[in-house]
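*Asks:* Given next are the chains, with one letter for each unit.
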Amino acid sequence: MATEESEGLVFHPMDQFIIKPLFEESAEVTGVASEGGIAILPNGEIVAECARGIGEHIGVATLSTGQVAEIGCEQIVAFADAQSAGVPYLANLAELGLQPIRWYTVTNSTLWMALTVLAIAAMMLLGTRGRSVVPSRGQSIAELAYGFIHKMVEDVAGKEALRYFPYIFTLFLFIIFSNFLGLIPTAFTPTAQIAVTAVLALAVFLGVTILGFVKNGASFLQLFWVSSAPGWLRAPLAVIEVISYFVRPVSHSIRLAGNMTAGHAVIKVFAAFAALLAVSPLAILGVVAIYGLEVLVCAIQAYVFTILTCVYLKDALHPHH
Amino acid sequence: MAATRHIAWGAPLLLAAGPVRAAEEEGGLPQLDFSTFPNQIFWLVVALVAIYLILSRIALPRIGATLAERSGTISNDLAAAEDLKARAAEAEKAYEKALADARAEARGIADEARAEIQKELDAAIAEADARIAERAAESEEQIATIRDSATASVREVARETAQAIVAAMGVEADRGMVDAAVETRMEG
Numbered sequence: 001m002a003t004e005e006s007e008g009l010v011f012h013p014m015d016q017f018i019i020k021p022l023f024e025e026s027a028e029v030t031g032v033a034s035e036g037g038i039a040i041l042p043n044g045e046i047v048a049e050c051a052r053g054i055g056e057h058i059g060v061a062t063l064s065t066g067q068v069a070e071i072g073c074e075q076i077v078a079f080a081d082a083q084s085a086g087v088p089y090l091a092n093l094a095e096l097g098l099q100p101i102r103w104y105t106v107t108n109s110t111l112w113m114a115l116t117v118l119a120i121a122a123m124m125l126l127g128t129r130g131r132s133v134v135p136s137r138g139q140s141i142a143e144l145a146y147g148f149i150h151k152m153v154e155d156v157a158g159k160e161a162l163r164y165f166p167y168i169f170t171l172f173l174f175i176i177f178s179n180f181l182g183l184i185p186t187a188f189t190p191t192a193q194i195a196v197t198a199v200l201a202l203a204v205f206l207g208v209t210i211l212g213f214v215k216n217g218a219s220f221l222q223l224f225w226v227s228s229a230p231g232w233l234r235a236p237l238a239v240i241e242v243i244s245y246f247v248r249p250v251s252h253s254i255r256l257a258g259n260m261t262a263g264h265a266v267i268k269v270f271a272a273f274a275a276l277l278a279v280s281p282l283a284i285l286g287v288v289a290i291y292g293l294e295v296l297v298c299a300i301q302a303y304v305f306t307i308l309t310c311v312y313l314k315d316a317l318h319p320h321h
Numbered sequence: 001m002a003a004t005r006h007i008a009w010g011a012p013l014l015l016a017a018g019p020v021r022a023a024e025e026e027g028g029l030p031q032l033d034f035s036t037f038p039n040q041i042f043w044l045v046v047a048l049v050a051i052y053l054i055l056s057r058i059a060l061p062r063i064g065a066t067l068a069e070r071s072g073t074i075s076n077d078l079a080a081a082e083d084l085k086a087r088a089a090e091a092e093k094a095y096e097k098a099l100a101d102a103r104a105e106a107r108g109i110a111d112e113a114r115a116e117i118q119k120e121l122d123a124a125i126a127e128a129d130a131r132i133a134e135r136a137a138e139s140e141e142q143i144a145t146i147r148d149s150a151t152a153s154v155r156e157v158a159r160e161t162a163q164a165i166v167a168a169m170g171v172e173a174d175r176g177m178v179d180a181a182v183e184t185r186m187e188g
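Top to bottom, those sequences are chains V and G.
Residue 143 in UniProt numbering sits at position 143 of the first sequence; the count goes up by one each step and never skips.
Residue 6 in UniProt numbering sits at position 6 of the second sequence; the count goes up by one each step and never skips.
Keep in mind the hints are simulated off the structure, nothing from the lab.
Only a predicted model underlies this, so the values are computations on that prediction, with no experimental measurement involved.
Keep in mind that the hints are not guaranteed to be accurate.
Have a look at the derived ranges for each label pair, beta carbon to beta carbon [as the list claims (entries may be wrong)]: (1) S140(V) - I58(G): 12 to 20 Å; (2) T186(V) - I58(G): 49 to 57 Å; (3) G28(G) - S228(V): 44 to 52 Å; (4) D101(G) - K159(V): 53 to 61 Å; (5) V214(V) - K85(G): 34 to 42 Å; (6) L126(V) - A86(G): 21 to 29 Å; (7) F34(G) - A278(V): 21 to 29 Å; (8) K85(G) - W225(V): 52 to 60 Å; (9) A119(V) - E90(G): 35 to 43 Å; (10) R131(V) - A106(G): 58 to 66 Å.
The C-beta atom is built at its ideal place from N, Cα and C for all residues, glycine as well.
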């Protein structure tokens with residue numbers, strides 16, 4: 001998001017990860033501080049904001065009519081009407097950080113999650129419409145994905161884990177599709193968000209842990225008791241095993257979000273160097289190379305997340321070493 | 001346009017609570033802006049539930065049925081091919097057997113025919129031999145007759161000739177004497 005004053009291409013590598021409302025609201029600014037404005041929000045609240053110099057933002061305050069606030073070195077008086085404030089203008093509330101992101105707000109993240117769902121539906125429903133014994137191209141792709149994860153679940157976690165195949169397939173498809181959709185320039189990547197990957201990893205962690213206790217009862221705790229180790233080593237090993245068990249969701253979620261964030265940010269960093277004439281060929285080459293690497297990383301991280309889920313599921317079903 | 005001058009990546013200072021969202025600190029990760037977490041988690045759950053319903057209600061049963069149908073068709077086809085192969089082998093065996101039978105029969109017929117022909121031939125040869133022998137005997141008889149009659153004629157001629165020669169020499173010869181002399185000569 002370049003500011004108005006910046007010349008040419010300016011990249012902010014981390015801006016692509018900001019959650020923004022999809023539909024930005026504006027409000028008429030009715031009062032003026034020396035370099036700022038006062039906005040009356042749709043809910044009647046009066047907000048004053050102040051900037052000093054070019055592009056430098058000092059602060060925002062919520063005021064009631066006639067109230068005076070100090071923001072930075074400026075004194076701001078809230079006026080309730082436009083006449084006393086001078087020429088009104090529309091302020092972009094989202095840009096000012098004045099538009100709240102509530103739990104139901106439709107954001108850029110919502111948009112890209114919706115596109116992910118649509119893409120999955122297109123692949124899994126449109127392709128398989130024919131149900132032909134000799135598959136079409138689209139049907140082959142859907143069957144390939146199905147067979148790939150089905151085989152992975154069966155091989156890693158065993159036959160009785162196939163009951164949970166739909167859940168694992170859901171995770172895999174969501175991750176791989178949002179990873180790849182995130183590679184589209186200007187796209188948003190939901191899987192680069194800790195909030196998203198943490199929910200995914202916690203869902204796996206809690207699901208697997210609860211399943212382990214339900215299926216095995218207290219003997220699930222044998223997972224932490226390495227009976228093949230020498231006796232005196234078992235207690236310290238159990239401590240290590242317990243710690244590593246609880247670190248699982250952390251590594252599980254941060255691995256995915258970290259990989260996505262790093263790759264996307266590095267592309268933008270290389271792109272920023274492209275503005276310098278001397279290194280621009282190298283920078284463009286770098287962007288291309290990193291992009292190719294990212295294509296691999298997107299697929300591999302989805303695969304890794306899924307196979308780790310299968311491994312954890314296996315531990316829950318067969319906790320005995 | 002003063003409004004667009006304000007920046008989101010900068011740091012709006014929070015002076016009051018309310019609708020103003022907790023903004024990113026300078027240099028902080030946007031991902032760690034916890035005020036957006038409820039929103040992301042809500043929409044993530046919505047997306048996951050949607051994907052799960054699409055998969056479990058429609059896509060997976062459909063693909064599973066297609067795959068099962070395909071493997072059924074393939075195993076059926078394989079079984080049918082196996083069956084056909086067995087039948088082909090059986091047919092080949094029957095053909096070989098028929099061929100061998102036919103060959104044996106042909107050999108039998110040929111042998112039979114040969115034996116019959118041989119028998120006919122033998123009979124014909126025997127008959128021919130008998131006929132030849134009969135003819136030979138007949139011929140021999142005739143030859144004997146002819147030889148006898150020739151001998152008789154020779155005697156007659158010799159007698160006549162001797163009579164004539166004797167008469168030509170002017171000697172009246174007794175017929176009986178001449179005959180005896182010729183007889184003696186011819187015996188000799």
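*Asks:* May I ask which of the numbered hints given earlier this structure violates, with the numbers listed in increasing order?
*Replies:* 2, 5, 6, 7 and 9
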